[in-house]
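These protein sequences, in sequence, are chains A and B. One point on numbering: in this note's numbering, the residue at position 3 of the first sequence is 3, and numbering is uninterrupted. One point on numbering: in this note's numbering, the residue at position 149 of the second sequence is 149, and numbering is uninterrupted.
Note that these hints are calculated values from the structure, not bench results. Glycine included, every Cβ here is placed at the ideal spot set by N, Cα and C. Don't take each hint at face value.
[Claimed, not checked] Here are some chain B residues pointing at chain A (derived, C-beta under 7 Å):
(1) 299
(2) 387
(3) 391
[Said to hold, decoys possible] So the derived label-pair ranges between C-beta atoms look like this:
(4) 133/B <-> 10/A: 46 to 56 Å
(5) 2/A <-> 379/B: 45 to 55 Å
(6) 386/B <-> 3/A: 26 to 36 Å
(7) 254/B <-> 43/A: 49 to 59 Å
(8) 137/B <-> 20/A: 23 to 33 Å
(9) 67/A <-> 141/B: 28 to 38 Å
(10) 308/B <-> 14/A: 38 to 48 Å
(11) 367/B <-> 20/A: 48 to 58 Å
(12) 296/B <-> 50/A: 34 to 44 Å
(13) 296/B <-> 40/A: 28 to 38 Å
(14) 296/B <-> 56/A: 52 to 62 Å
(15) 282/B <-> 10/A: 49 to 59 Å
(16) 14/A <-> 348/B: 49 to 59 Å
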Amino acid sequence: MEDQFATLLRPYLRFLPEGEEVRPDARLRDLGLDSMQAIELLFDIEDSYQVTLPDERLNDRTFETADSLWRAVDEERDSGGRS
Amino acid sequence: MSVTGAPDVRRLLPDVLEVAREHAAETDEDARFPTEALDALRRSGLLGLLVSAEHGGLGGTAREMLEISDRLSRECMSVGMIFAMHCQQVATVVEYAGEELRASLLPRIARGEVYIASVTTEPGKGGHLLTSQSPLAGDGEWLHLDRMAPVVTGGAHADGFLITMLAPDADSPGQVSLVYADRDQLDLEQVGGWNPLGMRATHSVPMKIVGDVPAAQVVGRHGEFREMSTRVFAPLAHLGWATCWLGAAAGALSRTLRMFREPDERKKRDLRSELLLTRLSRIRQRLDTVHALIEHGLVRYTSQAEGADLSAPPVQLLLNAVKLTASEQCLAAVDELVELTGMRHGYLRGSKLALERTLRDLRSASLNYANDRLHQADGALTLMDAEVRFA
Ligand SMILES: Cc1cc2nc3c(=O)[nH]c(=O)nc-3n(C[C@H](O)[C@H](O)[C@H](O)COP(=O)(O)OP(=O)(O)OC[C@H]3O[C@@H](n4cnc5c(N)ncnc54)[C@H](O)[C@@H]3O)c2cc1C
């Protein structure tokens with residue numbers, strides 16, 4: 001997971017104590033990501049990484065941890081899922 | 001016995017239905033819990049419908065749970081809801097409780113000794129299912145509960161409670177744990193009465209709940225209620241409630257049709273009236289729509305056994321549509337029945353059609369987990385599915 005991705009995630013995790021870093025196993029829902037914010041985060045990712053996550057990836061497993069989300073983004077980048 | 005060798009659960013119903021029917025008007029009038037119907041359910045073994053035979057239960061299915069909820073709700077929707085919600089709690093215990101809790105609790109449920117009430121709503125957060133503000137305290141061996149519960153159906157009569165609490169050491173309100181507690185493990189204080197418009201026989205009272213339970217009484221892993229809710233708790237709530245609403249409306253329609261077909265009544269109205277036929281058709285159309293949605297939702301729910309992912313937005317949207325549509329259409333159907341039958345049969349208390357009571361009961365449907373709240377969630381899910389796939 002690259003640093004830039006952690007920085008992008010940070011504002012969506014309002015229950016992550018200030019100064020603590022976003023760890024790959026950080027559980028996004030537990031740290032405050034609700035369904036409305038998940039949508040905003042998705043748009044943010046798509047803008048920053050110029051990828052589109054396909055609908056079938058948009059499930060609880062993808063949004064489970066920082067790492068699971070990062071892997072989805074990374075794989076789409078590699079497979080050319082550019083928007 | 002059915003061909004599969006499993007007991008035919010429908011055979012157990014007539015006694016319960018009769019008791020539910022007998023006390024429906026009076027429990028509504030007095031806003032009191034239908035203890036007679038609960039006793040009949042205990043005797044019938046149906047409280048253990050979803051408990052496996054290995055634990056002494058009937059080993060029934062979600063489909064059978066819905067069939068029975070439908071039949072009960074045709075007599076008394078409060079009894080139907082009490083049964084459906086109990087089964088929803090039992091299904092969650094069966095699926096997620098640890099071996100120790102399952103071994104001690106499930107046989108008691110099967111014997112009809114334990115009716116389980118549901119505690120999810122909290123003051124402040126309202127109905128929001130996936131958060132909690134009441135932290136569980138504990139020392140690893142014991143869990144300490146202390147929370148307010150503003151609406152607990154059957155709270156004064158339940159033998160056990162499934163309670164959502166904030167997980168120990170939670171970092172956020174979304175880390176919710178589910179805990180089982182026996183009545184005698186708790187100090188329960190009923191802090192108010194119950195005098196609502198409808199669903200009066202659910203006797204859904206406000207309670208203060210305090211107590212200590214062994215750590216093994218957590219159901220599922222701490223903080224993981226969201227997953228349990230996605231897979232079992234919420235789908236069975238939506239399917240169960242929707243079925244009760246459909247049953248209540250179907251019962252109202254059936255009573256009305258029987259009356260229309262009585263020889264005396266036939267003389268009083270023109271059954272070929274276009275207005276009457278159109279109204280009947282529209283009412284029936286509403287109920288068939290709800291029925292089809294429930295059937296489809298049930299198929300998706302049971303497809304988990306083949307590995308289907310219930311968290312996918314199209315599936316969540318479908319299961320929410322079951323609740324939203326049923327809550328609107330069943331109420332609308334009975335409202336139209338009132339219009340059709342008129343003042344005497346439709347509006348007066350004490351009419352044998354009980355349309356007035358059914359209408360009051362069904363008015364709760366949109367509030368029982370607020371439709372507004374569900375629409376917010378659905379809006380976000382809809383944005384997640386740009387392709388617009390259907391489950
Ligand atoms: C007959 C009956 C039996 C019940 N039994 C139980 C029980 O056994 N155990 C239990 O725990 N609970 C029970 N409940 C409570 C139920 O599950 C809901 O939690 C409760 O009805 C919702 O309470 P609320 O109106 O405070 O809802 P809230 O969901 O807090 O809503 C309050 C108001 O805000 C609106 N609103 C809510 N969220 C949003 C949003 N995101 N956007 C816009 N508007 C919003 C709603 O429309 C509503 O008008 C029962 C309710 C009924 C009617």
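Tested hints:
1. A hinted interface residue such as residue 299/B counts as satisfied when its beta carbon comes closer than 7 Å to some beta carbon of chain A; here the least separation is about 19 Å, so the hint is violated.
2. With 7 Å as the threshold, the beta carbon of residue 387/B comes within range of chain A, its nearest partner Cβ sitting at about 5 Å, so the hint holds.
3. Against a cut-off of 7 Å between C-beta atoms, the interface hint on residue 391/B is violated, since the closest Cβ of chain A lies about 12 Å away.
4. Take residue 133/B and residue 10/A: their Cβ atoms lie about 25 Å apart, and the range 46 to 56 Å is violated.
5. Separation of residue 2/A from residue 379/B is about 31 Å and departs from the stated range, judged on CB atoms against 45 to 55 Å.
6. As the Cβ distance of residue 386/B to residue 3/A is approximately 29 Å, the hint placing it in 26 to 36 Å holds.
7. In this structure the supplied range 49 to 59 Å holds for residue 254/B paired with residue 43/A, their Cβ-Cβ distance being about 50 Å.
8. Distance hint check: the CB atoms of residue 137/B and residue 20/A are about 24 Å apart, consistent with the given range 23 to 33 Å.
9. Here the CB-CB span from residue 67/A to residue 141/B is close to 34 Å, well matched to the stated 28 to 38 Å.
10. Roughly 32 Å separates the CB atoms of residue 308/B and residue 14/A, a value that falls outside the hinted 38 to 48 Å.
11. Roughly 40 Å separates the CB atoms of residue 367/B and residue 20/A, a value that falls outside the hinted 48 to 58 Å.
12. Between residue 296/B and residue 50/A the CB atoms are about 38 Å apart, so this pair conforms to the stated range of 34 to 44 Å.
13. Taking the beta carbon of each, residue 296/B and residue 40/A are about 31 Å apart, inside 28 to 38 Å as hinted.
14. About 20 Å separates the C-beta atoms of residue 296/B and residue 56/A, a value inconsistent with the hinted range of 52 to 62 Å.
15. For residue 282/B paired with residue 10/A, a C-beta distance near 53 Å keeps the hint of 49 to 59 Å intact.
16. Between residue 14/A and residue 348/B the C-beta distance comes to about 54 Å, which sits within the given range of 49 to 59 Å.
Violated hints, listed in ascending order, are 1, 3, 4, 5, 10, 11, 14; each of the other numbered hints is respected by the structure.
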